[in-house]
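FYI, our numbering numbers position 153 of the sequence shown as 698, with every residue one higher than the one before it.
Derived by calculation from the structure, the hints in this document are not laboratory data. Keep in mind that this is a model prediction, so the values were computed, not measured. Every residue gets a Cβ at the ideal spot worked out from N, C-alpha and C, and that includes glycine. Please note: incorrect hints may appear among the correct ones.
[As the list claims (entries may be wrong)] Now the in silico label distances, taken between C-beta atoms and shown as ranges:
1) LYS565 / ARG805: 34 to 40 Å
2) GLN588 / ALA660: 41 to 47 Å
3) ALA810 / ILE781: 38 to 44 Å
[Unchecked claim] Here are the simulated lysine-lysine pairs, DSS-like style, with alpha carbons at most 25 Å apart:
4) LYS785 / LYS713
5) LYS565 / LYS581
6) LYS565 / LYS547
7) LYS752 / LYS764
8) LYS799 / LYS779
9) LYS713 / LYS752
10) LYS799 / LYS785
11) LYS567 / LYS581
12) LYS567 / LYS548
13) LYS779 / LYS713
14) LYS570 / LYS547
15) LYS785 / LYS764
16) LYS785 / LYS809
17) LYS570 / LYS581
18) LYS565 / LYS548
19) LYS713 / LYS799
20) LYS548 / LYS570
21) LYS648 / LYS752
22) LYS764 / LYS799
23) LYS547 / LYS567
24) LYS799 / LYS809
25) LYS779 / LYS809
26) LYS752 / LYS799
27) LYS548 / LYS581
28) LYS713 / LYS581
29) LYS764 / LYS779
30) LYS713 / LYS648
31) LYS764 / LYS581
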Amino acid sequence: MKKLRTIIVDDEPLALGLLKAKLAKIPEIELIGQCKNGREAIQAVIEHAPDLVFLDIQMPGIDGLEVVKKLQTDIVPLIVFTTAYEQYALDAFDVHAVDYILKPIDDERIRRAIARASERLDAGDAKNRIMGAIGAINAIERDDEGSQRMQAAFGGGQDNVERKVVIKDKDEITLLTHSSIAWVDAAGDYCCLHADGETHIKRITLKDLLEELDPTIFKRIHRSTIVNLNYINKVIPHTKGEFFLLLGEHERVKVSRNYREVIKAFLAN
Numbered sequence: 546m547k548k549l550r551t552i553i554v555d556d557e558p559l560a561l562g563l564l565k566a567k568l569a570k571i572p573e574i575e576l577i578g579q580c581k582n583g584r585e586a587i588q589a590v591i592e593h594a595p596d597l598v599f600l601d602i603q604m605p606g607i608d609g610l611e612v613v614k615k616l617q618t619d620i621v622p623l624i625v626f627t628t629a630y631e632q633y634a635l636d637a638f639d640v641h642a643v644d645y646i647l648k649p650i651d652d653e654r655i656r657r658a659i660a661r662a663s664e665r666l667d668a669g670d671a672k673n674r675i676m677g678a679i680g681a682i683n684a685i686e687r688d689d690e691g692s693q694r695m696q697a698a699f700g701g702g703q704d705n706v707e708r709k710v711v712i713k714d715k716d717e718i719t720l721l722t723h724s725s726i727a728w729v730d731a732a733g734d735y736c737c738l739h740a741d742g743e744t745h746i747k748r749i750t751l752k753d754l755l756e757e758l759d760p761t762i763f764k765r766i767h768r769s770t771i772v773n774l775n776y777i778n779k780v781i782p783h784t785k786g787e788f789f790l791l792l793g794e795h796e797r798v799k800v801s802r803n804y805r806e807v808i809k810a811f812l813a814n
């Protein structure tokens, strides 16, 4: 029987200890790490590539939802959210994510979540479901024709106006300047644009978005990731010819072997 390599995340020590004790009794679980905040969770997922994460939603600083948004799509594990409060967002995650568990944590609910995680791991659809959950939570309403008109007006073609990417969210239109976008992560027909500490979701393929962005500063470093070269603070070697880029103070993205020459060329300049 394949065990699920699992990380648990909670800012409350008692809740973390209780969850650890309960999971220790379940043979399908191999506990490989525990974290007390969102920053540690991101680091642990990057380093250990778990199959499953039990993730508290309400945490100071980077909360559980932001943890998922800050991870590259290709390394997002299966997620079970834990929370002390019933919130509007949970309906979306009940459909798209593995599960959510209300505190105090119930043994039967944990077993149900693990069973669902095993099924989705076999099906291989976890990443797209997570992206769908984020989209549902942000209540994205798309108007492709209207967005195209906005892009034509604001996306370029004016020498004295900085190029922008149009994001439609509910009844609001957000215009992201290219210089504000640190990196982009994609899953299917959706892209997460990380800018000024926020994550914006746009319905567009990574290939099409790359054609909109300034090719002198935006480079593809992974099949699902674009990075703004101006945000690279540090290059960290990894295994098998891969390495990580440190963007800003906390965010890391992986450069795959197929795209490492892009970064080597950048470093050589």
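A quick look at each hint next to the structure:
Restraint check, LYS565 to ARG805: a C-beta distance of roughly 38 Å satisfies the suggested window 34 to 40 Å. Between GLN588 and ALA660, the C-beta spacing of about 28 Å breaks the proposed range 41 to 47 Å. Distance hint check for ALA810 and ILE781: the Cβ-Cβ separation is about 18 Å, which falls outside the suggested range of 38 to 44 Å. Under the criterion of a C-alpha separation no larger than 25 Å, the hint pairing LYS785 with LYS713 is inconsistent with the structure, at around 40 Å.
At most 25 Å may separate the alpha-carbon atoms for a hinted pair to count; LYS565 and LYS581 meet this at roughly 13 Å. In summary, the hint linking LYS565 to LYS547 is supported, as the alpha carbons are separated by about 19 Å, within the 25 Å threshold. For the hint linking LYS752 to LYS764, the alpha-carbon distance of about 11 Å falls within 25 Å, and the restraint holds. The suggested pairing of LYS799 with LYS779 holds, with an alpha-carbon distance near 12 Å, which does not exceed 25 Å.
Of the pairs offered as hints, the one joining LYS713 and LYS752 holds, with about 19 Å between alpha carbons and a cut-off of 25 Å not exceeded. A threshold of 25 Å between alpha carbons decides the hint, and for LYS799 with LYS785 the separation of about 12 Å falls inside it, so the pair holds. Restraint check: the Cα-Cα separation between LYS567 and LYS581 comes to about 17 Å, which is no more than 25 Å; the hinted pair holds. Simply put, LYS567 and LYS548 have alpha-carbon atoms about 16 Å apart, close enough for the 25 Å limit, and the pair holds.
A C-alpha spacing of about 33 Å is found between LYS779 and LYS713, which places the hinted pair above 25 Å, so the restraint is violated. A hinted pair counts as satisfied when its Cα atoms are at most 25 Å apart, and LYS570 with LYS547 qualifies at roughly 16 Å. The straight-line distance between the Cα atoms of LYS785 and LYS764 is roughly 21 Å, inside the 25 Å bound, and the hint therefore holds. With a CA separation close to 15 Å, the supplied pair LYS785 and LYS809 stays within the 25 Å bound.
Our distance criterion of 25 Å between C-alpha atoms is met by LYS570 and LYS581, whose separation comes to about 21 Å. Distance hint between LYS565 and LYS548 is fulfilled; the C-alpha atoms sit about 16 Å from each other, no more than 25 Å. Distance restraint check for LYS713 and LYS799: the Cα-Cα separation of roughly 28 Å exceeds the 25 Å cut-off, and the hinted pair is therefore not satisfied. Distance check on the hinted pair: LYS548 and LYS570 sit about 13 Å apart at the alpha-carbon level, within 25 Å; holds.
Taking the CA atoms of LYS648 and LYS752, the gap is near 42 Å; set against the 25 Å cutoff, the hint is violated. Using a Cα cut-off of 25 Å, the hinted pair LYS764 and LYS799 holds, with the two alpha carbons roughly 13 Å apart. At most 25 Å may separate the alpha-carbon atoms for a hinted pair to count; LYS547 and LYS567 meet this at roughly 19 Å. With a C-alpha separation of about 14 Å, the suggested pair LYS799 and LYS809 falls inside the 25 Å cut-off, and the hint holds.
At most 25 Å may separate the alpha-carbon atoms for a hinted pair to count; LYS779 and LYS809 meet this at roughly 13 Å. The straight-line distance between the Cα atoms of LYS752 and LYS799 is roughly 18 Å, inside the 25 Å bound, and the hint therefore holds. For the suggested pair LYS548 and LYS581, the alpha carbons sit about 23 Å apart, so the restraint of at most 25 Å is met. Straight-line distance between C-alpha atoms of LYS713 and LYS581 comes to about 34 Å, which puts the hinted pair past the 25 Å bound.
Annotation: proposed proximity of LYS764 to LYS779 holds, straight-line Cα distance about 16 Å (limit 25 Å). With a C-alpha separation of about 35 Å, the suggested pairing of LYS713 with LYS648 is violated against the 25 Å cut-off. Of the pairs offered as hints, the one joining LYS764 and LYS581 is violated, with about 34 Å between alpha carbons and a cut-off of 25 Å exceeded.
In summary, the numbered hints that this structure violates are 2, 3, 4, 13, 19, 21, 28, 30 and 31.
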